[in-house]
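Protein sequences appear in the order of chains A and B.
FYI, the numbering used here numbers position 2 of the first sequence as 2, with every residue one higher than the one before it.
FYI, the numbering used here numbers position 95 of the second sequence as 95, with every residue one higher than the one before it.
A hint or two may mislead.
Pairwise CB distance ranges, derived in the manner of DEER restraints [said to hold, decoys possible]:
id, chain 1, residue 1, chain 2, residue 2, range
1, B, L148, A, F12, 25 to 31 Å
2, B, S92, A, G336, 53 to 59 Å
3, B, L148, A, T140, 52 to 58 Å
4, B, V84, A, P379, 52 to 58 Å
5, A, D263, B, L141, 46 to 52 Å
6, A, H244, B, L88, 44 to 50 Å
7, A, T76, B, I109, 49 to 55 Å
8, B, V80, A, N98, 48 to 54 Å
Simulated coverage check for chain B against chain A, where a stretch passes if three residues somewhere in it have a Cβ under 8 Å from a Cβ of chain A [said to hold, decoys possible]:
id, region
9, 66–73
10, 82–96
Calculated directly from the structure, the hints in this document are not laboratory data.
Note that CB positions come from ideal geometry on N, CA and C, so glycine has one too.
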Amino acid sequence: MTQRKGTNNYPFRSALFLVVLMAGIFSIIGSGGGGGDGDDNGGSDSYGLLPLYHLRITGVDDPLDSWDTGLTVEFTEDSTTHEMRIDPQALDGGFRCNTSTEECELSSLEVTTQVAVYDLSSSLFGDFQINITDQLLFVTEDAPADGTLQIAQNPGFGAVTVDVTTCSGELAGVEILDNGSSRGCFTWDQLDGLLDSSSQVSEQVAGLAYGILEYLLELSDIAVLTSFDLMDQDLASVGNVAVHCDSFSSAGVSPPTLFSAWDLGNALFHFVDEDADLEQSPGDSYGFMFNVCWQNDPNDDIDKLYNGLIDLISLTEVVDSSDTLTRIGYEGTTNGKTGGVFFDYFAIYETESDTLTTSSSITSQTQLNGGMSVVFSTP
Amino acid sequence: MGRIRPHLHLPWTALLALGAGVVLYLLTRDPASVYFITLLPRSLWPDGAIACTACGSLPSLLHVYAFILISAYVLQPVTVRQLVSLCLGWFSIEILFEIGQIDSVATLIQPHLPSWSEQLPLASIMDNFLLRGTFDPMDILFTALGTLAAYGLLIGRLSGEMKDDPTKRHKQLPV
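Based on the provided sequences and hints, a complete structural model is requested.
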């Protein structure tokens with residue numbers, strides 16, 4: 001048997017087949033794995049994530065009260081109510097994402113952050129402004145590992161500085177400085193409790209300021225990040241989707257007195273097809289209706305209960321040519337409405353469960369009105 | 001025994017099938033969801049996907065058909081057993097990837113992809129395929145049909161080779 005050199009050569013053909021095999025497999029993967037119905041799940045609502053996004057939260061005009069920008073917050077604890085308006089002129093952060101698992105978490109708060117706080121009930125410390133003067137760096141999402149924020153009042157108590165540090169005993173926390181003079185080191189738990197203590201004003205302000213930053217991020221988490229998860233549902237066809245809440249009885253406690261008839265609340269997430277194109281697309285809106293929705297953390301006696309409405313107006317979503325999400329959030333305008341996340345008598349209750357007495361009670365209440373735009377974009 | 005001669009009909013037929021598959025993808029899929037389409041100049045992207053229920057699984061048929069023909073052209077199987085192995089091999093590959101798109105399977109596989117693979121440019125495409133692709137039993141049916149069609153064409157050629165030249169039945173032939 002004679003063989004010509006070239007294509008009839010066994011090693012050559014084997015190598016060529018390997019190339020064909022790789023091309024075949026690559027073309028299967030590169031096809032995106034769409035289903036047979038032509039309605040590819042890898043469609044417009046399917047994309048990859050960047051490893052890092054820039055988060056910006058800014059206050060927008062409340063459509064119900066157009067001269068107020070930002071959020072009006074009524075905070076009640078121990079029968080005392082404080083009312084304030086929080087205007088995040090810019091809350092800038094970094095948001096790191098695992099592109100494989102698509103889990104994202106806060107990685108930093110930037111020095112461009114400025115949040116104005118107006119004391120509407122004159123029961124706090126007057127108006128003040130929160131600035132981040134040294135990037136707050138989050139290794140885990142729980143608390144920053146480094147950074148500084150400064151609270152300035154004009155006129156008033158001058159500047160209070162909150163510097164992330166390690167307190168004695170290697171406990172993570174902050175050092176509070178009142179116009180440059182150290183007030184001492186406080187662990188994160190201590191900082192959290194400063195507002196309701198009989199501490200010095202500067203210490204209370206420090207606790208409140210950091211709490212406000214955390215609060216804005218929590219609101220963004222509740223409304224915006226949850227909405228991104230729920231968009232995968234076929235909302236254009238079914239209209240709304242129920243969000244899971246927890247039952248008091250299954251946790252072994254009765255509901256708080258205020259909501260004694262609600263053992264199991266609910267939350268509905270609905271879709272508003274602003275451009276009437278029968279599909280979810282940029283410019284469309286969404287909404288949450290929380291009805292005594294209790295979120296039980298089995299590892300903690302302190303839990304949250306949500307009640308009220310959140311409107312998510314004017315979705316923005318930009319995916320680049322390589323199928324990567326480069327911008328998402330709620331901003332701009334749609335159908336003459338200002339885009340953003342709007343809270344309409346939305347209340348967050350903190351509940352405390354006592355499994356010994358099988359009861360639960362409300363320890364604090366925060367009621368929110370107003371709006372803010374929330375956008376994640378390419379850094 | 002005959003050999004499937006490396007006649008140019010095979011690669012041309014395969015390329016035609018692949019071309020038809022690409023056109024189907026261009027017409028029926030969101031171009032941004034198909035990696036190889038995103039490699040094309042944006043001007044070639046269609047404005048929007050055409051709903052096409054009947055032709056949705058046709059690319060599965062065309063893909064397996066084309067790659068069996070190309071492989072046969074390259075490997076030149078000389079026995080029915082080799083030809084069957086070739087067809088079943090491609091069928092298995094296609095089916096394995098289809099099964100990989102079942103949500104429970106994909107979420108099982110994806111975390112076990114080696115961490116070094118995250119550095120490769122293909123990693124995100126593989127993640128996208130596993131986690132966002134859609135398992136469809138119709139794709140399996142069409143893959144089977146494509147395999148049978150390719151087998152039918154090739155077995156005809158193999159038989160033809162043997163019939164044309166009976167002396168070639170028991171030895172491999174120079175091509």
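Any hints this thing doesn't respect? Which numbers, in order? none
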